[in-house]
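Construct all of the structure, not just a fragment, from the sequences and the given hints.
Here the sequence shown is numbered in this note's numbering, starting from 1 and rising by one per residue.
The reader is advised that the hints may include incorrect statements.
Across the chosen pairs, the derived CB separations fall in these ranges [stated by the list, open to error]: (1) SER24 to PRO87: 39 to 47 angstroms; (2) ILE90 to ASN150: 19 to 27 angstroms; (3) GLU192 to SER24: 32 to 40 angstroms; (4) GLU46 to VAL113: 34 to 42 angstroms.
Derived from the structure by calculation, the hints contain no laboratory data. Computed from a prediction, not measured in an experiment: that's the story for all the values here. Positions of the beta carbon are idealized from the N, C-alpha and C atoms, including for glycine.
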Amino acid sequence: YIATDNEAIRDHAHSIGAEVIMTSQTHISGMDRIAEASRLIGLSPETHILNLQGDEPFMPLDIINTLTSHLSSLTPIATACVPLSNPEDIASPNEVKVVRSLSKRAMYFSRSVIPHEFTASHDGFLKHLGIYAYSNQTLQELTTLEPTDNELQERLEQLRFLDHGYNIFVEDYACVPPIGIDTPEDVERAIEFIKSHE
1 YIATDNEAIR DHAHSIGAEV IMTSQTHISG MDRIAEASRL IGLSPETHIL NLQGDEPFMP
61 LDIINTLTSH LSSLTPIATA CVPLSNPEDI ASPNEVKVVR SLSKRAMYFS RSVIPHEFTA
121 SHDGFLKHLG IYAYSNQTLQ ELTTLEPTDN ELQERLEQLR FLDHGYNIFV EDYACVPPIG
181 IDTPEDVERA IEFIKSHE
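Now the structure itself:
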């Protein structure tokens with residue numbers, strides 16, 4: 001399903017045969033929108049939900065399949081990351097960075113450079129990919145949590161999860177990262193990518 005409050009998106013989605021759920025215009029995050037959509041279509045609490053952000057249209061299927069396999073009572077949320085080595089990308093606030101524990105649990109997400117770089121090696125940086133897996137029950141719980149200062153400051157909804165004590169498993173994705181769309185330049189890259197795969 002595509003969950004949106006935008007009629008132009010709805011009309012385009014219908015034109016390509018996609019199923020659309022129209023939601024409220026008041027949501028502050030994609031997660032809140034998906035939670036409403038899941039209630040509207042009556043999903044059961046145990047249903048696994050994949051939250052794929054609209055700015056990540058080329059997310060490979062193998063990431064999607066891998067993330068759902070990690071869900072459990074101890075790991076209620078799963079997401080993915082790729083290595084980040086380009087200095088411009090590392091410094092860019094459009095590239096969300098993640099720091100993990102040894103067990104691949106997220107410790108923090110930021111638009112700033114994390115971890116701090118004392119050398120110029122550009123090793124050890126991880127880019128967060130805009131995809132989440134969770135059960136519908138977990139999703140509904142998350143949307144009842146109050147937004148946190150960290151979430152609002154960074155404009156990253158996943159910080160709400162961490163601030164309220166939820167574990168987030170962050171899986172490695174070893175292949176070339178999919179093209180995300182955050183800037184006008186990214187749109188041009190996406191168009192070229194589509195043309196090269198026609």
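Here is what the structure says about each hint:
1. Taken as a hint, the range 39 to 47 angstroms holds for the pair SER24 and PRO87, whose Cβ atoms sit roughly 41 angstroms apart.
2. Checking the proposed 19 to 27 angstroms range against ILE90 and ASN150 shows it holds: the Cβ atoms sit about 20 angstroms from each other.
3. In this structure, GLU192 and SER24 meet the distance hint of 32 to 40 angstroms, their C-beta atoms being roughly 35 angstroms apart.
4. Distance hint check: the CB atoms of GLU46 and VAL113 are about 39 angstroms apart, consistent with the given range 34 to 42 angstroms.
Hint violations for this structure: none, all hints satisfied.
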